[in-house]
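Colleague: Listed below, chain by chain, are the residues.
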Amino acid sequence: DPAIIYDLGGKFDKSFNEAAFNGAERWAKETGGTFKELEMQSEAQREQALRRLAESGANPVVMTGFAFGDVLDKVARDFPDTKFAIIDMVVEQPNVKSVVFNEHEGSYLVGMMAAMASKTGTVGFIGGMDIPLIRKFGCGYAEGVKAVNPDAKIVVNFTGTTPAAWNDPVKGAELAKGQKAQGADVIYAAAGGTGVGVLQAAADEGILSIGVDSNQNYMHPGKVLTSMLKRVDNAVYEAFKEGPELKPGITVMGLANDGVGYALDDNNKPLVTQEMLDAVNAAAGKIKAGELTVHDYMSDNACPAVAF
Amino acid sequence: MDYATLLQLLDSTLRLGTPLIFACIAGLYSERSGIFDIGLEGKMLVAAMCSGTFAFYSGSAWIGLMAGIAGSLVFALIHGVTSITFRGNQLISGVALNFVASGITVLTAQSLFGQGGRTPPLTGAARFNEITLPFVEALRPVPVIGPLYAEVISGHSILVYAAFAVVALTWWVLFRTRYGLRLRAVGENPAAVDTAGVSVKGLRFSAVLITGVLCGFAGAYMATALQAGFGKEMTAGRGYIALAALIFAKWRPWPALWACLLFGFFQALALRPDIVEAVVRVKVPVPALDALPYILTVLVLAGFVGKAIPPRAGGEPYVKER
Amino acid sequence: MAGTRIGAEGRPATAAPFAIELKGISKAFGPVQANKDISIAVPKGTIHGIIGENGAGKSTLMSILYGFYRADSGSIWIDGRETAIPDSQSAIRAGIGMVFQHFKLVQNFTVLENVILGAEDGPMLRGSIAKARQELERLARDYELDVDPDALIEDLSVGHQQRVEILKALYRQAEILILDEPTGVLTPAEADHLFRILKGLKDQGKTVILITHKLREIMEATDNVSVMRRGTMVGTVKTAETSPEELAELMVGRKVLLEVEKTPAVPGKVVLAVENLRVKDEHGVERLKGVSFEIRAGEILGIAGVAGNGQSELLEALGGIAAATGRIVLNGTELALAGHGADGQSRRAAGIAHVPEDRQHLGLIMDFAAWENVAFGYHNAPEYRKGLLADNAALRADCAKKMETFDVRPPIPTLAAKNFSGGNQQKIVVAREIERNPDLLLVGQPTRGVDIGAIEFIHKQIVALRDAGKAILLVSVELDEIMSLSDRIAVMFDGRLMGFRDPDKTDERELGLLMAGMSGEAA
Amino acid sequence: MDRLPRWADVVLVPLVSLLFAAILSALVILAIGQDPWEALKVMVEGALLSAYGWGYTLYYTTSFIFTALAVVVAFHAGLFNIGGEGQAQLGGLGVALVCLALPWPHWTIALLAAVTGAALFGAAWAAIPAWLQAKRGSHIVITTIMFNYIASALIVYLLVDVLRPTGQMDPATARFPETTHLPTLNDIPGLNLFFEKKVPANVSLFVALAACWLVWLLLWRTPLGYQIRAFGKSQAAARYAGINPVKITMIAMLISGGLAGMMAINNVMGEAGRLVQNSSEGAGFIGIAVALMGRNHPFGVLLAAVLFGFLYQGGAELGLWTSIPIELRIVVQGLVILFTGALDMMVRMMLVWVFGLFRPRRVGVA
Ligand SMILES: Nc1ncnc2c1ncn2[C@@H]1O[C@H](COP(=O)(O)OP(=O)(O)OP(=O)(O)O)[C@@H](O)[C@H]1O
Ligand SMILES: Nc1ncnc2c1ncn2[C@@H]1O[C@H](COP(=O)(O)OP(=O)(O)OP(=O)(O)O)[C@@H](O)[C@H]1O
Ligand SMILES: [Mg+2]
Ligand SMILES: [Mg+2]
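Residue numbers (the numbering used here), protein chains in the order written: chain A, 293 to 600; chain B, 3 to 324; chain C, 2 to 524; chain D, 7 to 372.
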């Protein structure tokens with residue numbers, strides 16, 4: 293059986309980990325198979341969790357989150373016959389598949405929508421743990437905003453410097469309220485479980501929010517502008533489907549192969565104008581075609597559109 | 003830092019300070035009666051879980067609040083039986099109950115909702131929503147006061163205002179009523195109360211139960227006002243910060259209010275390291291801000307900032323002797 | 002015995018109804034039978050004394066009357082009616098007030114707050130306080146009981162704190178007032194004042210029960226007296242018809258021989274010289290206010306005084322426990338003072354042994370076995386060590402030997418200290434300290450709570466040590482003990498020594514005056 | 007007040023307390039709609055019926071021995087050290103600094119240095135609360151709680167801003183060099199017949215066993231231990247005997263903190279090979295339960311630590327293979343602390359009552 297380990301924040305974070313869970317569930321429903329799953333409780337458990345699943349014969353073992361990178365590098369050597377897949381991190385071992393996403397591309401699109409929806413000309417970004425990966429979201433978003441409105445102001449906050457930042461809705465809510473006070477009327481939350489608090493506070497304060505990873509539009513219908521989809525579910529689904537024959541190596545999922553995108557459904561239809569759709573789809577086309585390159589923060593640890 | 007930013011910090015301070023105030027005053031009753039309680043954290047957590055759960059099922063924040071109080075009371079009662087009836091070690095009992103609470107809340111919420119120990123999000127009347135005080139719009143143009151009234155004082159849930167009322171009420175009860183006199187006496191010298199013909203156990207149980215009720219408010223506020231539902235370990239050490247505030251305030255109600263607001267302000271600052279950096283012009287690590295309440299409390303305990311003398315009979319089970 | 006017996010069995014026909022009658026009260030604490038089938042009757046409007054040795058069961062009996070303990074069997078009758086007193090509330094309702102041996106006051110409350118505590122009118126304080134203020138004024142006028150109603154208890158003297166306790170009882174309209182050893186902490190003058198108050202109460206028709214083991218006070222203040230011994234009631238007599246000698250005999254159960262056999266002292270060279278010794282307590286109050294004296298080899302210096310006049314501080318300063326200033330010279334060498342590098346260890350090394358006043362809290366670790374206690378204070382001594390480790394076998398052997406020499410019963414080194422009786426606990430401490438053969442022995446209250454047999458044994462040991470040419474400082478609140486053991490007597494009052502006396506040329510009256518702070522010349 | 011025979015006090019009271027905790031836990035499992043018997047089977051299978059299970063059970067046991075001994079030493083000095091968690095994390099810092107500082111030639115030397123580093127850092131973190139208690143009378147329970155929080159903030163700061171290698175995203179130190187890796191039980195000739203695959207339990211286990219013996223020796227066979235115990239029983243008497251309260255408080259807490267810190271050789275050096283956030287994972291608190299359960303005696307601690315090792319490994323298995331959340335073990339831990347630490351009087355009263363049923367009434371006691 294395949295197995296999946298969710299990172300801190302838990303499988304019901306309504307965001308990153310939940311996307312992974314949904315992918316696994318989809319696989320189970322389609323194939324009738326079963327899978328093992330495990331949620332991390334603390335940093336120090338990662339290794340035991342990984343070993344235990346590999347030891348129990350699970351294959352492949354999929355894990356969500358860059359934080360597994362270091363221990364996977366160690367454990368993968370001890371279980372050469374087991375296949376592993378890691379999301380958001382590159383681990384160069386012969387039995388590991390690494391899946392990374394072009395989050396900056398999806399973020400660019402929702403950034404454009406944010407700028408067009410904003411009446412104040414100020415938009416917000418709330419990132420989870422302050423690491424290059426999340427800055428990559430923020431940077432793409434900022435470029436998208438500036439593409440629509442070069443004078444727009446972008447307020448940026450992160451919820452912490454440790455993995456606890458993924459699961460702190462109180463902080464998310466307080467930061468959202470703070471950003472509103474600074475004029476932001478659309479806030480993009482790229483913060484895992486913390487985003488729940490951001491979306492809640494935005495809804496309470498009567499401003500718009502943008503979800504992340506999973507489609508979070510349903511959480512506050514009519515109050516979430518859109519969600520930046522990161523198809524972790526697809527990645528997990530694919531890995532499970534490949535099973536023990538999982539192909540090692542690096543997979544990059546971007547706009548071009550539907551790895552990222554934005555969510556449109558009944559919940560946010562009234563908020564998204566045709567004008568927005570036209571602009572965003574045009575940009576998406578250009579990116580896919582390679583005519584437009586969104587800056588990847590992790591390529592040079594710098595962002596031309598906004599200062600972190 | 004401009005005025006608007008300050009207001010925003012103060013607004014945040016009130017929101018974050020409220021659970022501390024409830025929990026701190028809760029601890030005040032118990033400790034004033036001579037029963038140490040390091041189980042505030044656990045009671046808050048249980049209350050948050052119960053209130054989140056019942057608010058979800060009933061759709062009413064008020065029913066959630068009642069359930070939160072009930073859950074917290076159960077734990078308070080166990081602490082009472084352990085430390086009053088069986089004269090157990092109060093500190094150990096508190097530690098133990100915190101663990102039980104930390105585990106049982108997740109177990110319960112997980113078995114009820116299957117969402118990783120979370121309750122589903124609460125909406126509408128299942129939460130204590132923000133209320134706008136009268137004359138906000140009328141006063142808003144007034145310089146300084148207007149924005150302060152509109153941004154900071156108005157626009158909180160009813161429980162925030164209740165917290166302030168609880169402080170005032172506690173002061174009045176403690177220093178103006180018969181119950182308060184006896185409560186203070188039993189924490190100082192239970193034998194004096196006993197020989198005066200008042201039941202030491204009865205007084206102490208009543209105090210411990212009041213602690214339970216107020217922790218119930220604190221937890222319910224967390225789950226149904228500050229946030230929209232219960233989440234694993236959502237109190238995040240607030241019970242201990244409240245305890246620290248209680249010591250910082252030397253077991254007195256009004257100073258407790260200020261201590262909680264101060265610590266709430268630190269929490270608000272820790273959310274906004276950018277503001278801190280702008281004001282002090284050096285990068286202050288967030289962990290330093292997180293640790294500030296604890297460091298201050300240690301300094302108080304050390305007697306460097308005035309000496310904190312706990313109620314004299316605190317922590318000691320009462321055994322009759324002549 | 003002489004005197005008219007009164008009480009349940011022999012009530013005089015003329016007596017008014019009894020204010021209190023206890024019938025067949027028994028109470029056991031585990032293996033200790035504190036009260037055995039005790040009956041007693043107290044006529045209304047009298048002062049009734051209860052005497053007995055330490056541990057006779059006096060306090061237990063009164064605590065039962067006050068609802069503090071529940072009797073295992075027996076009944077309580079108040080004003081001729083059987084009354085159940087399951088708790089203090091009921092006792093108060095029945096008109097009983099009690100002043101405990103250890104006061105029950107809230108230290109950081111005012112006098113007023115202490116007085117109304119538990120007797121408030123209604124749930125608000127304001128009215129109660131106003132009423133109590135008036136009432137206190139009246140009581141102060143009627144009974145010479147004035148105290149500042151707004152003073153904090155912690156700022157009051159012991160005598161005033163006691164008045165607050167009495168006021169508390171009167172404020173609750175007590176008709177029957179019990180005082181448990183009220184004079185233990187008072188000077189003779191304060192005690193006289195107290196007795197005047199009690200007489201006043203009696204004249205107002207109130208009934209007073211006075212517990213004490215001081216015969217003088219019984220003779221002076223009471224109308225009737227009941228004697229208790231080892232948990233039983235020996236008898237009740239009219240005070241006017243008895244004598245101190247008879248009471249003493251009743252108390253102890255045999256003729257008491259208060260004299261200790263000893264030869265006259267042969268003092269040698271000065272062993273200990275103390276100059277201007279001062280000690281402050283933790284609140285910064287000076288408790289020992291400049292004390293100077295000498296003790297010679299082969300001499301016992303007795304320090305008499307009411308408890309709390311600095312004797313404890315003197316012992317602690319000499320024993321290296323309490324920080325002090327001044328000079329302590331032992332055998333010509335000046336010793337460092339506690340707080341300036343000295344502690345119990347360096348004192349022992351210098352040749353000072355110390356039998357502390359409170360064996361259970363200072364002298365022994367109650368949970369430790371006897372053999373561990375035998376090393377207490379000397380645990381670093383080389384003969385108890387084997388390399389880095391402790392030589393437990395040597396310790397056990399040493400303990401067994403000492404138990405035999407000092408007739409400790411039962412002679413089981415592995416028994417925990419708490420499982421020995423008080424007298425045997427004391428023997429363990431005395432054995433440990435005396436067997437070290439010190440140059441100077443400090444002894445505090447060596448026979449407190451110890452039975453007559455053990456008293457005689459311990460006294461003999463102390464005298465033997467003196468005869469071996471050692472210096473001994475004896476502190477005791479028992480004048481008899483001081484008079485019979487000492488070769489010289491000094492009286493301590495308010496942190497100072499009031500002059501030295503020769504035991505053969507002084508008497509209890511003179512010492513009593515000194516203990517009250519009156520200078521020897523005036524006496 | 008009848009008293010219990012000594013064996014009942016030492017053996018029966020903890021066992022009955024454990025039984026109560028187990029019954030309540032079973033009720034909790036029933037209440038959430040699961041089968042306690044199944045749960046127990048999963049726990050036993052996962053923790054005791056395989057080499058893999060033992061590898062983890064013993065790994066946890068090792069950690070708990072250290073933190074429990076820390077509680078024991080402080081307890082005998084009359085001090086309740088709840089700061090084991092913070093001290094263990096600081097110990098981890100000490101281990102990390104030692105391991106990363108020098109190119110150690112061999113693990114034995116590295117282990118010696120790491121033990122020293124761990125003990126020193128743990129002791130240093132205990133020193134401040136100890137000094138505050140000894141000199142300023144600040145309640146050590148409260149100060150050690152505060153120091154747990156301060157420790158975790160300090161570690162976060164160091165891991166994020168100071169010790170994290172550039173380019174690494176998770177807040178952790180670099181990996182320790184290969185030469186500092188401690189042999190795990192499967193690396194040890196003889197033991198590798200049982201432990202065929204890599205397990206986390208490592209040579210630290212033997213250090214822990216040695217620590218048990220040394221603590222016993224210290225407390226009951228040395229003059230220093232005598233002084234610590236005397237001070238813990240009665241501070242007033244200790245002053246009379248010339249036992250320096252400041253010195254004993256400091257020494258006892260330094261030893262206590264050092265022991266808690268030494269736990270880091272097991273988890274940080276032996277297992278993780280780098281320092282991460284919250285490396286101690288609550289073991290500092292579990293030490294309280296283990297010490298109480300073990301009656302504050304090193305031998306009892308050893309037994310109780312195995313029990314809790316089982317509970318922790320078994321609990322992890324529950325989280326893995328059943329729908330009973332892993333948090334069940336925290337509930338059990340809390341209940342054990344409650345019954346052994348705070349309700350022992352209740353348990354004792356019940357036992358006295360039960361004993362009374364079987365004992366003919368003695369007549370004429372006085
Ligand atoms: N709470 C208690 N638990 C156990 N034993 C007790 C308790 N109170 C008193 N005792 C025992 O009962 C006996 C009688 O004690 P009590 O205090 O009544 O004597 P007393 O006559 O007041 O002595 P003293 O003159 O020393 O005050 C003593 O042996 C004492 O040790
Ligand atoms: N807490 C206890 N536990 C066990 N046994 C005890 C305890 N207290 C007293 N005993 C036993 O009960 C007996 C009576 O004790 P108690 O203190 O009443 O003696 P006593 O008659 O007052 O003798 P002494 O005059 O020597 O003080 C002692 O011999 C002792 O062995
Ligand atoms: Mg008495
Ligand atoms: Mg006795």
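Hint data in this document are derived by calculation from the structure and do not stem from the laboratory. Mixed in with the good hints there might be a few duds.
What the hints assert, rightly or not - Chain C regions said to be covered by chain D (calculated; three or more residues, Cβ under 8 Å):
#	stretch
1	282-290
2	295-303
3	319-332
4	369-382
What the hints assert, rightly or not - Subject to a maximum C-alpha distance of 27 Å in a straight line, what follows is the list of computed DSSO-like cross-link-like pairs (lysine-lysine):
#	chain 1	residue 1	chain 2	residue 2
5	C	K24	B	K252
6	C	K281	D	K141
7	D	K203	A	K366
8	D	K141	B	K252
9	B	K322	C	K24
Glycine is no exception: its CB is placed at the ideal position from the N, C-alpha and C atoms.
Colleague: Does each hint hold? Answer for all of them.
Modeller: To see whether the hints hold, each was checked on the structure:
no. : hint            : result
1   : 282-290         : violated (count 0)
2   : 295-303         : violated (count 0)
3   : 319-332         : holds (count 3)
4   : 369-382         : holds (count 7)
5   : C:K24 - B:K252  : 50 Å, violated
6   : C:K281 - D:K141 : 18 Å, holds
7   : D:K203 - A:K366 : 15 Å, holds
8   : D:K141 - B:K252 : 20 Å, holds
9   : B:K322 - C:K24  : 24 Å, holds
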